[in-house]
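**Q** Produce the entire structure from the sequences given, and follow the hints as far as they go.
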Amino acid sequence: MKKTVLRKPKGFIDVYKHKPGAEKDRTHYCPGCGHGILHKLIAEAMEDLDIVDDTILISPVGCSVFAYYYFDTGNFQAAHGRAPAVATATSRANPDKVVISYQGDGDLAAIGGNNIIQAANRGENIVVFFVNNAIYGMTGGQMAPTTLEGQITTTTPYGRNVDTDGYPMKMCEVISQLTAPTYVERVSLHDAPHIRKARAAVRKALLNAKERKGFQFVEVLSTCPSGWKMDPVKSMEWVKERMMPLYPLGVYRDLGEEARITTRPVPVMDPAAVWEKLGISAEKDVDFPRGEVADEYRKMSIRVAGFGGQGIMVTGQALAGVALEYGYNVSWLPSYGPEMRGGTANCSVNIQDGTIGAAEAVKPGMLLAMNRPSLEKFEKTIVPGGTLIYNSTLIDIEPARKDIKVFAVPITGMADELGNTRVQSLVNIGAYAAITGMFKVEDVITLLPKLFKGKNQAIIDLNAKAVKAGFDYVKENF
Amino acid sequence: MARMLMKGNYAAVYGAAMAGCTAYYGYPITPASEVAESAAALFPKLGRIFVQAESEVAAINMVYGAAGSGQRVMTGSSGPGISLKMEGISYCAGAALPCVIVDIMRGGPGLGNIGPEQSDYNQVVKGGGHGNYRCIVLAPASCQEMCDYTMLAFELADEHRIPVFVLTDGVIGQMMESVVIPEPVKELPDKSDYAVFGTPLNKNLVNSIYIDHDELEQWNMKLLKKYQIIEESEVRFEEYMMEDAEIALIGYGSVSRVLRTVVDNAREKGHKIGLFRPITLFPFPKNEIAVLPERGIKHVLTVELSTGQLVDDVNLALAGVIKSDLYFRLGGNVPSADEITDKISELYGEVK
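These protein sequence lines are chains A and B, in that order.
In terms of this note's numbering, the first sequence is residues 1 to 478.
In terms of this note's numbering, the second sequence is residues 1 to 352.
Keep in mind the hints are simulated off the structure, nothing from the lab.
Honestly, I wouldn't trust all of these hints.
[Claimed, not checked] Straight-line distance between alpha carbons at most 30 Å, and here's what the computed DSSO-like set of lysine-lysine pairs gives:
1) B:Lys203 with A:Lys10
2) A:Lys19 with B:Lys203
3) B:Lys343 with A:Lys363
4) B:Lys269 with B:Lys343
5) B:Lys45 with A:Lys453
6) B:Lys298 with B:Lys269
7) A:Lys19 with B:Lys225
8) A:Lys17 with B:Lys203
9) B:Lys343 with A:Lys299
**A** The following block contains the structure:
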């Protein structure tokens, strides 16, 4: 006769050291509770599949908050409803491990409803054991999303009323609507034949996880004699007679051999490789030699303003990006807010040696006005003796200020002549270079591929022409 | 060298990448969205993890999972999103998990607007979530500092096993400056004593439950001790023109840059004004502020983009020894240098 040795499966810790108090050899679950049965099925399966040492278990909030007392795995205890989020990150960090999200009905279907659906939808490589006992056990018997119609709980003292409390949630049915999940089954623990079926489902889910087959979801109809105020035998009957008709058992999804095997990249950590992958050069930056810059232009505070779509932000970024290559400290600050969606746009640029203070050009030394509203709005802010460049193609009024230097440049017109209004920004840069002496045209042209990363050669060539046109116009006319 | 022109929001992610951060979990929100976007752009190139979470709550709980798995992990958000993350941050603090949270502050309360404010100060600096916990809070004021302090944040987080905030406002997040990318870290700390790896030798537990009252009290005392050590060892601040100053301006983040301009303008006219800029908001440089009167400071003016959240800490430090004043703007408005100068004149006499 075959000898049967009764012992704890190796999936359990021998002595429940994390459990406070003297009773370190038994669980905290009530008599007749289904958690103990499910725990045992999981622990046995982990031993038989040889994954005890490769498993990480996430305990939820609810009666199984202390699941970590028992399982001889790596353990997390998670915030209420968030076990799938924690499991997501744990699984991504440890892609070759079996990650279990063990959750009750309040945790999974109420407070964490979105978390479970989204983790399922991402096809996270995790196993979810969902214990549905139609009640909040840990907090003393309140209504769960899975509480049956008419069921009395401490928060449905007159019975669950579907008009005010909604209907019992059928999570297998919900989860199996998604594309990604690999395996979805509902089982029950109310008698020995069904426990055997539950055992098979637990094993299948864990085996799939061992083979990295994505998202596994096993819903387990379970008993809560304390919460239901019934004895264990009655509770088993209640599962069969009341829960099973509403929550049909069976396989809701099984991709079988079609299941996708989860693969995750290996992070690049080698310092040289990190820089190489990000296109960061280890070579020393070499500044362009600076030309003659008049004193008044050595510390620039510039406002660029116009309509959205006039290249306002690009002009500002190009000013900062080019000045940077001459070794200046630069800052660029957009006016962000509702106005960034259409309408007027403006940005502030600072170019100077030494630390830049306030980033916004409240009183700019230079205003580059691309349209009339911008001129009208910002002309008065220019510091006395400052500089105004304005787009004479679109601005048909004379600037009012007499204490500033004024450069009327047909920016839009020149860009249009070149065949593309969008090169206005680089016409601006050319004009700026001619006025300030801060940039050389050939340097700017050298930088164009960097400023217009990913753009084709024709666009870069056109912008090169634009810089030159802006520069020449100022040199020839002022 | 690796000099690049980039937004503060991008610079934070470059700092994270150089610090060996291997996972970013986040949710988009203006004006912090570029933090997530830059992680989405950079991390896949490095085989690192980027997940756009379904919610701010999910994102911070993913951070909890990643930090508990021993990764250097980051998330980023702004006001309303940070409010949502608070429970998860409390769990990270309670389980002593290191992580980095970037907060690009916007206008509040409620939906407020996306302009710059500093009104997350209290919720970030004082704990914010439930329980007795603190986070280290670094307050960068430039794009370079966004990069450098994010990198530093990972070091401090691991050293003290604590969540670290990089707290700044929309101005610093949205502006571009030249940033020199630091060299990537060569080695990461060993976390096998607490992190969960799921290996035969590693059966750790990441947890913040202490059912026994005495045990939870003891755990809180341990955390308190940690915060005391941090207060003794991690205070950072910057002084500008403070040597002979009689008026000290106090501000952090983008405000401190405007204050620098105020100081420069005032100094040109011979007025003895200086800038004291807290870089760590927790630990707050309270001892350094407490001695300002002894150093000859007659007046202290705190300027902030909130209705007096920072000045509370300044006043606690000054303990009523000298007069302290407050000037603030709200709703996305940033005070100009002239506006602040006028306020100084109004309070302490002509400095124009």
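**Q** May I ask which of the numbered hints given earlier this structure violates, with the numbers listed in increasing order?
**A** When the structure is compared with the hints, none of them turns out to be violated.
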